[in-house]
Amino acid sequence: MKKPLHTLCLFLIAATSLYAQDAPKTPPTNTWKKDMGAALSITQSGYNNWQAGGVNTLAATASLAGKFDHLKGKVMRSHTFNLTYGQFKQGELELRKATDIIAYLFKVDWETGKKFKPTAILDFKTQFAPTYKYDDVKGTKTLVSDLFAPADLVESIGYSYDPSPAFSQTVGIGLKQRIVRDQMLRTAWGLKAEENLRSEAGLNFLTKFNKNLATNVNYKSQLSLFMSFRQPSKPEAEWAPLTRWDNLIAMKVNKLINVNFEANLVHDTNVNKKVQFREVLAIGFSYKFY
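First residue of the sequence shown? That's 712 in our numbering, and the numbers climb one at a time after it.
Honestly, the hints are just simulated from the structure, not real lab data.
Please read these numbers as outputs of a predicted model, since none were measured by experiment.
Watch out, some of these pointers could steer you wrong.
Calculated cross-link-like contacts (lysine to aspartate or glutamate; reagent style EDC-like; alpha-carbon spacing at most 20 Å) [stated by the list, open to error]:
| # | residue 1 | residue 2 |
| --- | --- | --- |
| 1 | K931 | D957 |
| 2 | K836 | D893 |
| 3 | K783 | D746 |
| 4 | K808 | E973 |
| 5 | K966 | D746 |
| 6 | K800 | D811 |
| 7 | K836 | D811 |
| 8 | K778 | E866 |
| 9 | K825 | D780 |
| 10 | K836 | D957 |
| 11 | K931 | E805 |
| 12 | K844 | E805 |
| 13 | K852 | D893 |
| 14 | K745 | D780 |
| 15 | K844 | E822 |
| 16 | K922 | E973 |
| 17 | K744 | E822 |
| 18 | K887 | E905 |
| 19 | K778 | D893 |
| 20 | K985 | D957 |
| 21 | K828 | D780 |
| 22 | K984 | E805 |
| 23 | K836 | E805 |
Construct all of the structure, not just a fragment, from the sequences and the given hints.
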């Protein structure tokens, strides 16, 4: 699975670059470009004397996401964040978490008038609340993650290639820290039981693609690869880049109603040899602040 995954990642970089066009004219200096919106999706199903059977279900997810770009002189600073939290209740089971994301990306570009420019990146990810693995037969639950358990922080400096507003590719030398504050979870997330922080140096790759596929249909994709110079903490783990690929197709029905399809892929051999995959289809309400 590892080779097809890496081939797919390289294909994404190559394919999206086909959309690249000539760089736009330099915008006025000392300006802000703002984009921020909130969304709420609710799913409910109820059954009463329904002969075919069914389980009452209620699920809700709220999110706040945005991007703020500031150009001053020849320095472009970009702040991108995503805060998402969702829960669901099924039948007589207790309330459970469905999704939980805290993500922040800070990027600084030094404009050179060319398509290649020096870049610095800070990338941070964690979650809001505890996540449990449930055993409904035994009636037990096991903690698998929590706030800052783990939290991933990547800092890198290098060069970015921005041939068009739709596509950008960044390559650099980076440092990555994984923080796991809960001692019971450290070995599960690739740390030793006695350490709460694992640091490693490596090569950092970041590919971003954002394009309107049709009227009111937008596709965003972000592929992150971190190739560590350090061997995996687990002897049985394979040496492979930490890979995360996030995709979002947003379809706007009108000013308030939207349909989103999100797909996330993670490959981290320090945690799991298998590729982790998650997808969410949501219909809900959205509001644009900017």
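Non-conforming hints, listed in increasing numerical order: Numbers 11, 15, 19, 22, 23 - these are the hints that the structure violates, sorted from lowest upward.
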